[in-house]
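**Q** Using the sequences and the hints, build the whole thing.
So you can see what is in the structure, the chains are spelled out below.
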Amino acid sequence: MEPLIKELRQALGRRYVMQQPEELLVYEYDGSVERAAPQIVAVPADTEQVSQVVSVARKHGVSVVPRGAGTGLSGGAIPAMGGILMPLTRMNRIIEIDAEQRMALVEPGVVNIDISKAAEPFGLRYAPDPSSQKACTIGGNVAENAGGPHCLAYGVTTNHVLGMETVLADGSVIWVGGRQHESIGYDLRGVLIGSEGTLAVTTKVAVRLQSLPELVTTMLAIFQGEDEASAAVSAIIASGIVPAAIEMMDKLTIQAVEPAIHAGYPADAGAVLLVEVEGLRESVVEEAVEVQEICRASGATEVRVADDPAERERLWAGRKTALGALGRLAPSYYLLDGVVPRTRVMDALRRIREISEEYGLPIANVFHAGDGNLHPCILFDERIEDEKRRSKEAGGAILRACIELGGALSGEHGVGLEKQEYMDLCFSEADLEAMARLNPGFGSGETFNPGKIFPTGATCVELLQHPAITRLGLDAFV
Amino acid sequence: MSNVKGDVAVDVAVLEQALPNAGLVADANLASYAVKGAQPLVVARPDSIEGMVSVLTSASRLGAGVIPWGGGTRMGLGNAPSRYHVALDVQGLHRVVEHRPADLTVTVEAGCTVQTLQDTLRESGQYLPIDPALPAQATIGGVLAMGTGGPLSTAFGLPRDLVIGMQAVLADGSMVKNGGIVVKNVTGYAMDRLYIGSMGTLAVITEATFKVTPLPRAEATVSASFGSVADAVSVCNAVAAQGLPLLAAEVLNHVACTRAGLGGNTGMYQLFLRVAGRSSAVTRSVDACASACRDHGAETVTSMDDATSAAIWKNVADIGWESEPPALALRMLGTPAQGAELMALAGHDPDVSATLSATRGVVQASWASDATPDDVAGYIAGLRSSASAMGAQVVVESQSLLEGVDAWGPVPDGFAVMRQLKEQYDPQGLLNPGRYVGGL
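Protein chains in written order, with the numbering used here: chain Y, 1 to 478; chain S, 1 to 440.
If a hint is listed, it holds; no wrong ones were tucked in.
Chain Y stretches covered by chain S per the calculated footprint, using a threshold of three residues with CB under 8 angstroms from any CB of chain S:
id, segment
1, 155-162
2, 398-410
3, 432-442
Just the calculated beta-carbon pair ranges, DEER-fashion:
id, chain 1, residue 1, chain 2, residue 2, range
4, S, Thr302, Y, Asp268, 56 to 66 angstroms
5, S, Asp47, Y, Gln210, 36 to 46 angstroms
6, Y, Ala153, S, Arg122, 14 to 24 angstroms
Keep in mind the hints are simulated off the structure, nothing from the lab.
Glycine residues also receive a C-beta, built at the ideal position from the N, C-alpha and C atoms.
**A** In structure tokens form, the structure reads like this:
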């Protein structure tokens with residue numbers, strides 16, 4: 001280990017290479033439930049240093065796990081096999097905003113929302129908006145092909161990234177895609193986006209920017225039950241309107257949110273829909289009226305409408321604070337990310353209710369209804385071993401239900417450590433084998449983020465190494 | 001004509017024996033499957049995924065070179081094949097498998113034509129926002145294998161941006177899938193992105209699932225004529241900056257205009273802006289586009305509604321391909337800011353028909369068979385040297401073999417990875433051998 005540390009320190013400087021257990025502690029978790037500590041944390045300042053870290057790691061046969069803000073929910077940034085954890089958060093410059101070409105060139109450590117803030121004076125924004133957008137970085141977004149509420153109308157990260165500068169496992173630096181909208185050769189850009197940091201490291205990102213809408217109208221519709229709300233979602237889509245976002249909160253979520261933020265949701269509300277339409281003033285005004293009519297016709301007991309920013313923010317407040325509010329109901333939660341065809345949302349919610357009863361754990365639902373992207377939130381107490389076990393089993397049952405309904409394991413959080421053992425529910429051996437060939441194609445070997453995505457046959461617990469945990473004891477950071 | 005320096009062990013008898021269940025076409029017109037003068041030994045047109053697997057499994061066992069065929073509208077792309085034994089016509093797989101209007105998704109087999117798919121979707125008031133040339137012949141598989149965009153890419157991105165699931169058969173005959181029928185999905189690697197735009201050199205796409213879009217309630221086209229491309233591009237930037245619902249923005253030189261039956265004055269450039277949405281929004285957008293045109297010195301500004309507008313865009317999408325593939329076509333790829341300059345480069349030849357996708361920096365240039373430049377190789381070399389200096393690429397498409405011209409030009413950044421990927425997915429080099437970038 002010593003020669004490796006020495007070489008890394010030569011490349012990055014002493015203070016940017018850490019190896020003391022107390023220094024490593026904050027790097028052994030992300031937004032998921034898994035934990036594992038790296039042996040070394042190396043924090044590069046630029047592309048050249050990233051390349052040096054990768055080359056040194058390769059030389060010593062050690063793996064590198066790239067990390068953004070660590071907000072990921074599937075364990076993508078957990079160093080499952082130890083090795084070097086490489087946060088890219090020092091590389092946080094917005095290099096260029098080209099208003100005329102509607103493009104921004106940024107470093108991977110730039111926080112998602114900061115791109116939109118920098119673009120706003122030019123009347124532009126970066127469209128994908130993961131719920132963690134105030135913390136998550138664009139590099140992490142690229143790795144996970146992140147989504148967000150407004151992806152209903154605009155698509156996910158891959159639809160908005162023109163190209164990336166990338167460091168390969170041999171330390172070489174290439175551009176995949178670029179400022180051009182079309183290029184020749186294989187779409188390495190498209191393959192790397194969503195590859196969860198397993199094939200290469202992103203060191204610069206060229207993103208498309210889009211014009212800020214002239215008018216945004218947000219509507220909050222209150223329903224007696226989830227079925228009525230789901231029916232409203234289908235009716236809106238069927239009418240030919242594609243809102244910028246359609247979000248749903250179920251009864252349990254509402255019960256958690258109301259005491260926290262006093263949004264004024266009726267005590268007996270069964271579901272709340274948030275629908276946002278935006279664009280040219282003329283369209284927005286018409287679409288907003290139609291959405292309200294559809295919601296009422298589907299059984300909404302009340303529809304609130306806002307088009308000034310402060311009022312809109314108030315309507316969104318319940319949705320945005322929902323996860324935090326759920327903390328009031330139980331000490332721990334396990335947030336899932338399944339996806340079904342949007343017309344099967346009602347069936348999926350029904351199955352989730354059954355699973356909740358079967359496993360004896362409350363499950364709240366707050367999710368992207370327009371995309372069919374569910375986020376069931378299983379409430380449990382992690383101090384009770386049996387509840388912890390049941391929460392994982394209930395999670396598995398929900399994912400299986402999503403697949404049975406024609407859906408997939410993950411809409412926007414990625415596979416990571418969380419879902420690798422479920423991959424064979426979706427994919428044949430040939431499918432997985434075809435995916436596995438990307439690794440030798442990129443010459444990645446075991447260099448980047450090993451032990452992710454593909455089924456190992458082992459459970460996560462067996463797979464993970466926990467040096468820091470064993471040294472310090474679990475209570476040290478609970 | 002005979003097959004290009006093929007493996008001597010692969011002959012018609014061997015193929016006929018090896019491909020019993022693969023839909024071999026008896027008495028096929030081999031000449032109609034010629035690629036740059038090379039003809040296949042046999043034509044296989046399987047009508048099931050099993051048949052497709054069977055062809056590729058057998059071809060892989062024999063080491064036979066396979067060229068997948070869709071509607072054949074873009075077979076002039078790429079270099080001459082280094083081996084060509086089997087023409088694999090995917091048009092036997094032509095079903096719209098499942099349209100789910102309420103989910104805004106459609107699953108379709110690769111051999112389905114774009115037109116057939118659009119006709120199906122239209123019954124439910126939806127469409128797939130792609131607009132390749134010759135939609136009645138172009139197949140979904142072909143469009144995806146090419147991966148390039150048409151005018152609608154201005155608003156909807158490239159075809160890859162609309163794909164949510166894919167089924168393909170690899171060179172060794174294994175059938176693989178990724179994605180699904182959900183609009184948001186990050187389960188596993190995005191393998192479809194690898195196959196899309198790879199020109200059938202890594203896998204044969206057999207089925208794709210797309211997200212589709214409601215048809216707009218109204219549309220209109222604003223057209224104006226400019227003395228310079230740069231002015232026309234400035235209009236597009238101004239319109240885009242206003243957040244208007246711009247579906248397409250193309251600048252045509254006068255030859256392109258004439259060929260599309262859209263008028264056209266020598267030395268002038270005609271801008272076409274397509275807007276769509278609710279009629280109130282369209283009305284305002286038309287006014288805003290027209291004033292942007294006038295602000296930038298347009299000489300005449302006209303606007304057309306709905307049916308007339310749609311008809312114009314059908315013609316624009318077909319430019320160069322009015323009735324058949326052009327003798328010579330170039331696709332010049334730059335940044336949006338380089339569009340005007342690329343258009344000027346292409347426009348040097350008086351006979352060229354040239355269009356610029358104004359917000360995307362993509363120029364499509366084509367020549368009728370009787371009007372190609374005298375010294376094609378020299379002409380292209382000159383163009384490439386100017387384009388390379390800007391960091392742009394020039395892709396050459398031609399029906400016949402052009403001596404001394406590589407179809408793709410210099411290999412792109414990351415080519416070493418591309419070669420390794422080819423090695424992984426088609427180690428025997430059977431799919432479209434030698435035709436793609438750098439001989440992939």
